[in-house]
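Below are the chains, spelled out letter by letter.
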Amino acid sequence: MRSEADVEATIEQYADTVYRICICYLKNHSDCEDLFQTVFMKYMLYDGRFYSEEHKRAWLIRVTANACKDQLKTSFWKKREPLEVLADNSEYLTEQQEEVMEAVLGLPEKYRMVIYLFYYEGYSAVEIAEVLHKKENTVYSLLARGRKLLRTKLGGGTDE
Amino acid sequence: MSSVIRESFDQLHANENLIEETKQRLKEQRRLMEQGNQVPEESITSSSVKKTRKMPIFSTAAVAAACLIVGILLGSHFRIGNAGIAQSPVAYISIDVNPSIELCLDEKNTVICADAWNDDGKKILDCIDLKGKPCLDAVENLLNCQEFQPYLTDDCELNLTVIGSTEAHGRELEHLLQNCSAFRKHNGTTVLAGMDIYQEAHEHEMSFGKYLLYQQLHELDHSVTTEDCQHMTIKEIKDQICAHDSAHDNSHDSGNGNLHDNNNASSHDNSHDSANGNLHDSNNGSNHETEHHDSVQAVPQTEVPQKEVQHAEEQQHAEEQHYAEEQQHAEEQQHVEEQHYVEEQQHAEEQHYAEEQHYAEEQHHAEEQHYAEEQHYAEEQQHTEEQHHGDGHH
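If you're matching them up, the sequences are chains S and Z in order. Position one of the first sequence corresponds to residue 3 (our numbering), numbered consecutively onward. Position one of the second sequence corresponds to residue 21 (our numbering), numbered consecutively onward.
For the record, the hints were derived by calculation from the structure and aren't laboratory data. Bear in mind that the values here come from a model prediction, so they are computed numbers and not experimental data. Built from N, CA and C at the ideal position, the CB exists for glycine as well. Treat each hint with caution, since some may be false.
Just so you have them, the derived chain Z footprint on chain S, three or more residues with Cβ under 8 Å [stated by the list, open to error]:
#: 1; region: 6-18
#: 2; region: 42-55
#: 3; region: 96-102
All chains should be modelled from the sequences, with the hints used to inform the complete structure.
Written as structure tokens, this is what we have:
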């Protein structure tokens, strides 16, 4: 079991990352809160060594993604609308940001995570492939298609 | 695009409440665990997750179990289906008096289905179950059952028509049926038919036994339709055939239709046999044998000059009194033979016909002489062969 200080520091550091991934998957604030706690509980109980900070981040992303998928499996009938999240956070978002968030969260699940990791977390396709346990080429095509979908959704107005 | 996305996601924050709450929960958890209570993982998830987990879903186990059950049911169903196919009928017996009943037999001569082709037959089959019985038992049971008795009057015609998987199988079945006591008691007749008639009969909604008789009658009287026959008993049909036969017999016309010839032939046969002192009594063996004998004698009969026929008939008249008993016997046999013969003739191939003629001619000529010739010929051949051998050696 990890020390209390370690856990608290990690929570402070990675709270946003974990939360955003949860949002990416679940699009629902209350579900995200549950998962948020689950993920850090797992971290607390995990005794493995992290070789680097980057390793720790990748581990947390992976654990969060898996937990989210499990959650989706057990509640797959639940309809999730991106608007639900956006309504919670609308006070912080500009009109354009809201539009983008809506577009990203409206993507099919398989593209959503890849797009998030690529654009926000700044992972390369190779790294994404490693984290998500997918083939590198799969990640490339998912990225390309996700990007294409986003562009049509956003009207092509926003370039790279 | 990446900047916009980054900016958008930047706005998403885990709020302070959540972080604090999580910290508190984890602390609690840690304390509990340090006290030695292994906390099940569920306790860390809040009530809403628990609720969702308890909601009824199609658990994979349930789906798998359902699939398995469906699979087993389907599997067993198809296995039963296959067993049914494996027991496909290979032979058929049509039992006609007025009730028309058909039995399908498997290769072990076990009845696998019984169908009625008229209302009388249905009434009988409603009261008796023949499935799974050996065919002889089935026929015996059927003919002895109470419901059948009203139809088995003294002057009824009991007609059993047999279709075998092969001709040999058909004959075997015929023999089997002829040994049936109920069949003998009611003076039944057996007829061998070809598989081709089976389908044809059912197209006209008749048992094939009846259909065979209809065909015979139709040859003689083209005005008869299948509808007429459907409502006629076997006796009525046979009576009509006999009526037509005798009408033709009286006129003694030669060079008429094939079927008619056959019928004539078998009736002439009597006279011929009697004239030769060749009593039918001596043919009391199997019907098959007599039938064969008939067919041998019958064909050349059409070639015998009319005078001779008349002469034969005169002789027959004279001998009729002497052989009254035999004649009666012979007539009974003749019925059977007629059936056989007509049926046989219908299916006879030309080659068969030619063979018969040839065979008959041989009989007409002095057989012994022929044999002697043959022997002589064979000897000669042997001689020449030997000579050839000798030549070869030289």
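Do the hints match the structure? See the list:
1. By the rule of at least three residues with a Cβ nearer than 8 Å to a Cβ of chain Z, the coverage given for the region 6-18 of chain S holds, with 7 such residues.
2. Only residues whose beta carbon comes within less than 8 Å of a beta carbon in chain Z count, and the region 42-55 of chain S has 3; three or more means the coverage holds.
3. With a cut-off of 8 Å between beta carbons, the region 96-102 of chain S has 4 residues touching chain Z; three or more are needed, and the interface restraint holds.
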